[in-house]
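Novice: Work out the full structure: start from the sequences and follow the hints.
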Amino acid sequence: MKLLLTGARVIDPSQKMDVAADVLLENGKIAGIAPELVKTINSKYPGKVKAIDLSGMIVVPGLIDMHTHLREPGFEYKETIASGSAAAVAGGFTSVACMPNSSPINDNRSITEFIKRKAAQAALTNIYPIGAISKDSAGSQLTEFWDLKEAGIVALSDDGKPVMDAALMRRALEYAFSLGLPVISHCEDINLFGGGLMNEGYYSTILGLRGVPSIAEEAMVARDILIAEFTKTSVHVAHVSTAGSVRLIREAKKRGLQVTAETAPHYFTLTDESLQSYDTNFKVNPPLRGIDDLTAIKEGLADGTLDAIACDHAPHGRTDKEVEFEYAACGISGLETSLGLSLQLIRDGVLSWPELIAKMSTNPARILNLPKGTLKAGADGDITVIDPQIQWTVDVKAFRSRGKNSPFHGREMQGRAVLTIVGGEIKYDGR
Amino acid sequence: MKFEKKDILGIKELTVDEINLILETAESFLEISTREIKKVPTMRGKSVINLFYEASTRTRTSFEIAGKRLSADTINISASTSSVVKGETLIDTARNLEAMNPDVIVIRHSAAGAPHMLAKLLRQSIINAGDGAHEHPTQALLDMMTIKEKKGRIAGLKVAIVGDIMHSRVARSNIYGLSKMGAKVVLAGPATMLPRNIEQMGVVVHTNLEDAIIDADVVMMLRIQLERQNQSIFPSLREYSQHYCLNRTNIQLAKKDVIVMHPGPINRGVEISPDIADDPSCSVILDQVNNGVAVRMALLYLLTGGNE
Ligand SMILES: [Zn+2]
Ligand SMILES: [Zn+2]
Chain V
1 MKLLLTGARV IDPSQKMDVA ADVLLENGKI AGIAPELVKT INSKYPGKVK AIDLSGMIVV
61 PGLIDMHTHL REPGFEYKET IASGSAAAVA GGFTSVACMP NSSPINDNRS ITEFIKRKAA
121 QAALTNIYPI GAISKDSAGS QLTEFWDLKE AGIVALSDDG KPVMDAALMR RALEYAFSLG
181 LPVISHCEDI NLFGGGLMNE GYYSTILGLR GVPSIAEEAM VARDILIAEF TKTSVHVAHV
241 STAGSVRLIR EAKKRGLQVT AETAPHYFTL TDESLQSYDT NFKVNPPLRG IDDLTAIKEG
301 LADGTLDAIA CDHAPHGRTD KEVEFEYAAC GISGLETSLG LSLQLIRDGV LSWPELIAKM
361 STNPARILNL PKGTLKAGAD GDITVIDPQI QWTVDVKAFR SRGKNSPFHG REMQGRAVLT
421 IVGGEIKYDG R
Chain H
1 MKFEKKDILG IKELTVDEIN LILETAESFL EISTREIKKV PTMRGKSVIN LFYEASTRTR
61 TSFEIAGKRL SADTINISAS TSSVVKGETL IDTARNLEAM NPDVIVIRHS AAGAPHMLAK
121 LLRQSIINAG DGAHEHPTQA LLDMMTIKEK KGRIAGLKVA IVGDIMHSRV ARSNIYGLSK
181 MGAKVVLAGP ATMLPRNIEQ MGVVVHTNLE DAIIDADVVM MLRIQLERQN QSIFPSLREY
241 SQHYCLNRTN IQLAKKDVIV MHPGPINRGV EISPDIADDP SCSVILDQVN NGVAVRMALL
301 YLLTGGNE
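Chains as they are written, first to last, in the working numbering: chain V, 1 to 431; chain H, 1 to 308.
There may be inaccurate statements among the hints.
Think about it this way: if two alpha-carbon atoms lie no more than 20 Å apart in a straight line, the pair counts; the simulated EDC-like pairs of lysine to aspartate or glutamate are [what the hints assert, rightly or not]:
#, chain 1, residue 1, chain 2, residue 2
1, H, K12, V, D279
2, H, K39, H, E27
3, V, K404, V, D320
4, H, K46, H, D7
5, H, K180, H, E18
6, H, K12, V, E273
7, V, K135, V, E174
8, H, K120, V, D279
9, H, K151, H, D287
10, V, K135, V, D147
11, H, K158, H, D257
12, H, K120, V, E322
13, H, K120, V, D320
14, H, K150, H, E27
15, H, K151, H, D279
Among the chain V residues that face chain H by a calculated CB cut under 7 Å, a handful are [unchecked claim]:
#, residue
16, G201
17, T205
18, L207
19, V323
20, E324
If you're looking for bench data, these hints aren't it; they were derived computationally from the structure.
Every residue, glycine too, gets a C-beta built ideally from N, C-alpha and C.
Specialist: Spelled out as structure tokens, the structure:
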């Protein structure tokens with residue numbers, strides 16, 4: 001059976017395409033894109049084409065979340081590969097890369113294989129495991145990058161923890177680069193972090209909560225840029241949250257260094273001001289920053305300093321969040337709100353449609369070397385259909401994710417994914 | 001004036017009128033403490049739970065006495081924050097207490113925001129008896145009551161607050177309260193004990209004691225947590241006391257009729273030299289303790305609809 005998507009605006013940054021056209025999917029692949037295909041295809045293959053009218057909709061290469069915590073194995077009460085991928089398709093994602101900080105940590109072939117196996121059985125999306133940089137992410141001994149690569153990881157990261165030992169980070173960048181594996185750095189100087197609970201500034205002062213200074217992030221961003229420059233390797237900076245980080249990455253790119261970076265929707269949507277209710281759903285790491293940081297993040301997105309928007313989807317159970325602020329777990333369940341929040345960037349004039357889709361699909365694919373993020377003929381039939389007009393209200397009870405921890409509960413949104421197609425199959429239909 | 005608040009979580013949320021009402025009510029209760037039978041039946045049949053997650057004999061006793069003088073049943077519960085690791089959560093504890101149907105729950109907790117969590121969850125009135133480094137509203141109210149008692153007013157006074165501002169809930173509550181009441185608040189402490197952007201609270205900030213106490217009407221010395229020495233917040237107690245201890249010499253910089261306050265317990269010779277602490281012509285530390293009971297009586301009374 002062929003699938004024909006008709007009447008939509010088709011945006012594919014990988015081919016600089018932005019046209020009104022029909023998209024034909026065949027055998028799980030993109031078979032062709034052309035205006036008015038509908039007129040010829042049906043007569044060519046009578047009874048063999050399922051046509052879907054998508055007038056007013058936007059068809060884009062399947063969205064890719066390059067920073068998700070799927071929690072399985074070990075924390076299945078927070079999320080599983082099945083529930084996380086169900087949340088992903090509902091949020092418009094056709095692929096997710098999952099961070100290794102499960103329990104046990106994905107620091108060896110057997111865990112990677114377990115994730116791949118589980119994904120093959122239960123996932124609605126493509127799942128790309130990320131392996132740990134150091135054994136048990138303890139920051140002292142490198143994992144077997146080569147073995148992990150053969151098992152199927154697409155990148156390396158000790159996410160959740162920084163690699164504090166600069167010499168170890170240097171070796172990681174060198175070894176990973178030689179294998180063509182990107183390294184994703186969770187930038188946070190643990191001493192400057194100092195057990196902080198929110199951004200250090202006026203609001204941490206009046207709330208009496210230990211602050212995380214912006215320099216905790218920036219000091220390590222600067223360090224990793226220097227290491228990448230010295231070793232002529234590349235590094236990807238995870239969840240950029242501060243103006244200083246944006247500036248450092250912008251300068252590094254200007255000097256031609258192989259530095260890429262992502263930010264998350266909460267960093268261009270919320271500030272530390274919203275912690276005044278001590279609502280633990282706003283507790284996230286890195287923390288929500290000040291308005292100057294938020295503005296700088298938007299500028300970094302607009303001028304290309306920040307390549308990608310990633311959810312840092314961090315689902316938690318009620319028991320992790322329904323405690324005193326100090327003891328609450330960090331993180332936001334983000335897969336089902338990411339696109340809705342990011343579409344606001346278009347309405348605010350920060351990004352054009354093709355720019356936004358590049359940051360949510362084409363660029364993550366490029367950074368992780370995935371054969372995705374494109375609608376070129378012959379590519380995998382991963383497609384997200386977005387209704388840019390639909391009004392909806394975030395309701396955590398309706399989340400497919402097990403993690404109901406969202407500071408956006410009750411928020412009015414405009415635009416969302418209404419159809420998510422993975423490998424030519426409809427995995428989510430929210431029309 | 002009817003008191004509309006359900007809870008007392010911080011001074012930040014109180015209006016000037018509400019602060020005045022609390023202070024006036026407290027002043028009227030002061031007399032009860034001087035009677036031979038120090039008890040009125042106002043809260044007979046009502047109950048107050050003191051839920052303390054941090055040891056504090058002083059504040060807990062003050063609340064207990066306040067409740068008893070109003071004839072309320074007072075129940076003390078000492079809980080341990082270590083139970084957050086295993087065992088009952090704050091929410092579970094709160095739901096259990098709610099089932100016992102008290103009228104007021106007084107909570108002291110090392111985690112900022114813990115009382116706010118209870119207030120959102122429970123229909124009972126919550127009084128914050130100190131939450132982390134956030135607020136300690138009853139302390140600030142008793143401090144304001146003491147200043148008003150000694151100086152006849154708060155507006156227009158210069159109040160210097162000295163010490164570890166970073167970790168002090170007393171400082172934050174007093175900054176809110178005294179500023180609302182029209183005082184000029186000046187802070188002093190080592191740079192490492194001044195939290196970021198504190199000047200946005202409308203205070204003037206100094207890094208030495210002398211600059212702060214010049215012409216001060218009130219000097220409020222904060223308690224130093226001795227264990228902070230090990231956290232590189234300051235080099236040594238010795239050096240701290242040489243530069244931030246209020247003594248006979250530096251107090252000359254303040255107004256002649258300056259009053260000296262301390263939320264207690266004092267580290268003698270660290271924050272205040274013993275001769276100043278014990279000098280009744282300037283030290284009002286014991287008046288603070290006495291007013292503490294009256295302020296807490298006033299809050300229990302107002303929260304349970306006593307003035308309706
Ligand atoms: Zn991270
Ligand atoms: Zn993460």
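Novice: It remains to establish, for every hint, whether it holds in the given structure.
Specialist: Consistency of the hints with the structure:
1. H:K12 with V:D279: holds (18 Å)
2. H:K39 with H:E27: Within the cut-off at roughly 16 Å; holds.
3. V:K404 with V:D320: holds (11 Å)
4. H:K46 with H:D7: holds (16 Å)
5. H:K180 with H:E18: With a Cα-Cα distance of about 11 Å, the restraint between H:K180 and H:E18 holds, given a limit of 20 Å.
6. H:K12 with V:E273: Roughly 15 Å between the alpha carbons, so the hint for H:K12 and V:E273 holds.
7. V:K135 with V:E174: Satisfied, since the Cα-Cα distance of roughly 17 Å is no more than 20 Å.
8. H:K120 with V:D279: Measuring from Cα to Cα gives roughly 11 Å; hence the hint holds.
9. H:K151 with H:D287: holds (13 Å)
10. V:K135 with V:D147: holds (13 Å)
11. H:K158 with H:D257: holds (12 Å)
12. H:K120 with V:E322: holds (12 Å)
13. H:K120 with V:D320: With a Cα-Cα distance of about 18 Å, the restraint between H:K120 and V:D320 holds, given a limit of 20 Å.
14. H:K150 with H:E27: holds (13 Å)
15. H:K151 with H:D279: holds (17 Å)
16. G201: Constraint on V:G201 satisfied, holds at 6 Å.
17. T205: holds (4 Å)
18. L207: Interface hint status for V:L207: holds (6 Å vs cutoff 7 Å).
19. V323: Nearest chain H Cβ about 6 Å off; hint holds.
20. E324: OK, holds: V:E324 within 7 Å of chain H, min 4 Å.
When the structure is compared with the earlier hints, no violation turns up for any of them.
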